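> Below are the chains, spelled out letter by letter.
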Amino acid sequence: MASLIKVKNLTKKFGDLVAVNNISFEIQEKEIFGLLGPNGAGKTTIINMLSCYLEPTSGEAWIADKSIIKEPQEVKKIIGLVPQEIALYPNLTAIEHLKFFGRIHNIPSKKLEEKCKELLNLVRLYERRNDLVKIYSGGMKRRLNIACGLLNDPKFLMMDEPTLGVDPQSRELIFENIFKIRERGVAILYTTHYLEEAERLCDRINIIDEGKSLALGSLDELLTRLEAKIEIKPTKAGRLEQLFIQLTGKRLRD
Amino acid sequence: MKHLLLFTTKEFLILWRDKGALVMLLLVPIVLIVIASFALSGVFGGGKMDIKLPVINYDKEGEISQEIIAILENHPNITLEKDISKDEAQAKVGEGKYPAALIIPENFSQKITFGEKTELKLLYDPNSNVEYPFVKGVIEGIIEKINSIRLAIQTALIEVNKVNSQLDPEKIVKEAHEITQNLAAEGGLKLTLFKAREETREADPFAQNVPGYAIMFMLFGILGGIEALLEEKETGIFKRILSLPIKKYSLLGGKLLSWFLIAILQMAIILTIAHFIFDLYLGKSILALILVVSTCSFASTSIGTLISAFVKSKKTGHTNVYIDYFGYVSFRWFLVASLD
Numbered sequence: 000m001a002s003l004i005k006v007k008n009l010t011k012k013f014g015d016l017v018a019v020n021n022i023s024f025e026i027q028e029k030e031i032f033g034l035l036g037p038n039g040a041g042k043t044t045i046i047n048m049l050s051c052y053l054e055p056t057s058g059e060a061w062i063a064d065k066s067i068i069k070e071p072q073e074v075k076k077i078i079g080l081v082p083q084e085i086a087l088y089p090n091l092t093a094i095e096h097l098k099f100f101g102r103i104h105n106i107p108s109k110k111l112e113e114k115c116k117e118l119l120n121l122v123r124l125y126e127r128r129n130d131l132v133k134i135y136s137g138g139m140k141r142r143l144n145i146a147c148g149l150l151n152d153p154k155f156l157m158m159d160e161p162t163l164g165v166d167p168q169s170r171e172l173i174f175e176n177i178f179k180i181r182e183r184g185v186a187i188l189y190t191t192h193y194l195e196e197a198e199r200l201c202d203r204i205n206i207i208d209e210g211k212s213l214a215l216g217s218l219d220e221l222l223t224r225l226e227a228k229i230e231i232k233p234t235k236a237g238r239l240e241q242l243f244i245q246l247t248g249k250r251l252r253d
Numbered sequence: 000m001k002h003l004l005l006f007t008t009k010e011f012l013i014l015w016r017d018k019g020a021l022v023m024l025l026l027v028p029i030v031l032i033v034i035a036s037f038a039l040s041g042v043f044g045g046g047k048m049d050i051k052l053p054v055i056n057y058d059k060e061g062e063i064s065q066e067i068i069a070i071l072e073n074h075p076n077i078t079l080e081k082d083i084s085k086d087e088a089q090a091k092v093g094e095g096k097y098p099a100a101l102i103i104p105e106n107f108s109q110k111i112t113f114g115e116k117t118e119l120k121l122l123y124d125p126n127s128n129v130e131y132p133f134v135k136g137v138i139e140g141i142i143e144k145i146n147s148i149r150l151a152i153q154t155a156l157i158e159v160n161k162v163n164s165q166l167d168p169e170k171i172v173k174e175a176h177e178i179t180q181n182l183a184a185e186g187g188l189k190l191t192l193f194k195a196r197e198e199t200r201e202a203d204p205f206a207q208n209v210p211g212y213a214i215m216f217m218l219f220g221i222l223g224g225i226e227a228l229l230e231e232k233e234t235g236i237f238k239r240i241l242s243l244p245i246k247k248y249s250l251l252g253g254k255l256l257s258w259f260l261i262a263i264l265q266m267a268i269i270l271t272i273a274h275f276i277f278d279l280y281l282g283k284s285i286l287a288l289i290l291v292v293s294t295c296s297f298a299s300t301s302i303g304t305l306i307s308a309f310v311k312s313k314k315t316g317h318t319n320v321y322i323d324y325f326g327y328v329s330f331r332w333f334l335v336a337s338l339d
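So the sequence lines, in the order shown, correspond to chains A and B. According to numbering that gives the first Met the number 0, numbering within the first sequence proceeds without interruption in unit steps and concludes at 253. According to numbering that gives the first Met the number 0, numbering within the second sequence proceeds without interruption in unit steps and concludes at 339.
Just so you know, not all the hints are guaranteed correct.
[To be verified] Covered stretches of chain A, going by a simulated chain B footprint (3 or more residues, C-beta under 8 Å):
| # | stretch |
| --- | --- |
| 1 | 90 to 98 |
| 2 | 101 to 113 |
| 3 | 163 to 171 |
It is worth saying that the hints were derived from the structure and are not from the lab. In this text, all values refer to a predicted model and were calculated from it rather than measured experimentally. Beta carbons: idealized from backbone N, C-alpha and C, even for Gly.
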C-alpha cells in the first residue's frame with residue numbers, strides 16, 4: 000500500500016536547540032500512528048511542521064504527495080488538526096465554532112449544516128450545540144476540539160494528546176470516534192502520554208526522545224526486535240510502558 | 000475578503016457576549032466622564048462663578064458709597080449681602096463661608112469729596128484662593144476709578160480758588176463731579192474692541208473631559224484586543240486557524256478591522272451620549288468630526304498592531320512592559336484631559 004504521509008529527514012532547530020533531529024517515517028491510509036515521547040521530545044514540533052504552522056529547518060514531508068514546504072495551502076485543505084490545547088472560544092457555541100471553521104474551509108452552507116449535524120452527533124454534543132463553550136465540561140470541550148478538526152473530511156488527522164484531562168467516559172467516546180474516523184480511510188497521527196492508550200489504539204508506534212527516533216514499528220515488532228536488549232517483566236505495568244521507560248530512561252524532562 | 004469579514008463578524012459576536020468588556024468599553028467611560036466633569040466643574044469654570052460679598056456700609060447717605068454699591072450690584076459674578084452686621088460678617092469670613100467682606104466707613108463720600116484721608120476696608124479669608132483675589136481685583140478697579148475722579152475734583156478746586164476764593168466749593172465739587180462723569184461716559188479716552196474671529200463656545204468640563212476619556216478608553220479597548228490576541232496564541236486557537244487554508248492577512252486584517260470598527264463605534268457612542276445629554280459641542284462639520292474620530296481610531300489600532308507584533312506571550316516579562324506602557328499612555332490622556 001502506498002504511503003499517504005512521507006516524512007524524510009525532518010529537522011527543526013530553535014537557535015542552538017535541536018527540537019526535531021532528522022526524523023523519518025511513513026503513515027499509510029487508515030493507519031493510527033502513535034508518536035510517543037517524554038515532555039520536550041519534539042512530538043508537538045513534528046505536528047506543528049506537518050500542519051504547516053512551523054517551517055522545517057531542513058528535510059521534507061509530503062501529505063498525499065503534496066509538499067508541506069512548497070504547497071502549504073494545498074496541504075492545509077486535506078489535513079485536520081486537534082491541538083493539545085483546547086483551541087476554542089469560550090463565548091461561542093458548539094454550532095458557531097463548527098460554522099466558523101467550516102466557512103474558513105469554504106464549505107457551502109447546506110453542506111456545512113449537514114456536516115455540523117453529523118459531527119455534533121459523532122461527538123454527542125448535538126443536544127448541547129447552542130450552549131456556550133465556557134459552560135462545557137473538560138470532556139465536552141475535548142470532543143468539540145476533535146469535531147472542529149474533522150470539518151473538511153481530512154485525509155490526515157493529527158491529534159495531539161486529545162484525551163488530556165478527560166474522564167474515562169469521555170475518553171471511551173473519543174476512542175470510539177477515532178476508530179470510526181479511521182474507518183473513513185483517514186490516517187491518524189496520535190500523540191499521548193498515556194501509554195495504555197497507544198497500546199490500545201496505535202497500529203504502529205514511533206518512540207522519540209530529544210528530537211530523535213529511538214524505535215519504530217508495531218508494539219509486537221518492537222518487542223521482538225528489542226527482545227535481546229530489553230527485559231519485559233510480567234508486572235502490572237503494560238508492555239509498552241516497560242519498553243518506553245527502558246528506551247527513554249527515568250530522568251525527569253521538565 | 001470573505002475570510003476577513005468572517006473574522007470581523009466573529010470578533011463582534013464575541014464582544015457582544017462579553018458583558019464585562021462592553022461595560023468597560025461603554026458604561027465605565029460615561030460614568031467616569033460624568034463624575035469627573037461634575038467634580039472638576041469649578042476648576043474649568045463650568046458653572047458661573049457667583050461670589051457672595053457682604054457689605055457693611057456706615058456711609059448710607061453718601062453718594063460715592065452708593066455708587067460703589069451700585070457697581071458691585073451690577074457685577075455679573077458678585078451678589079451683595081447688605082443686611083449683615085460687621086461682627087456677623089467677620090465670623091462668617093472667618094468660617095470660610097464668605098471669601099471677603101467690604102466695610103465702607105462713616106462719612107466716606109464726604110471725605111473723598113473734600114480730599115480728606117479715608118479708606119475702604121476689605122476683611123478677607125486668606126484660604127480663599129480663587130474668590131478673594133477676584134473680589135480684591137474688582138474693588139481695586141473701583142478705587143482706581145474713584146481716585147481719578149478725586150484727582151480731577153481737587154485740581155478743579157485749586158484752580159478755581161486761585162481765581163475767586165468767594166465761590167461756593169460745594170457747587171464747584173458737584174459740577175466737577177458731573178463733568179468728570181460725563182467725560183468718562185462720552186468724551187474720555189475709550190478702548191474700542193475688534194473681534195479677530197467668531198466667538199467660540201465657552202469651554203465647559205464636558206468639552207474638556209469627554210474627548211480625553213474617549214481616547215483613553217479607546218486605547219484601553221485596543222489593549223483588551225491585544226490581550227485577547229495573546230490569549231488566542233496561548234490557547235492554540237492561532238495554531239488551529241493557521242493550519243486552515245487561509246492567508247495570514249485575513250486573520251490579522253480581520254482582527255484589525257474589528258479593533259478599528261469597535262474603536263470608532265465606542266467613540267461615536269460616547270460622543271453622541273455626551274452631545275445629547277451633556278450638550279457637548281461637536282463642531283460645525285460632521286465630516287471633520289468623522290475624520291477626527293477615524294484618525295484617532297486608526298492611530299490607536301496601529302499602536303495596538305505594533306505592540307501585538309512585538310509581544311509573544313502574556314506571560315513574558317517584556318510583554319508586561321509593553322502593556323503597562325500602553326496603559327500608561329492611556330492614563331496620560333486622562334491627565335492631559337483633566338489637568339492641562
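> Decide, hint by hint, whether the structure agrees.
Cross-check of the supplied hints:
no.	hint	result
1	90 to 98	holds (count 3)
2	101 to 113	holds (count 4)
3	163 to 171	violated (count 0)
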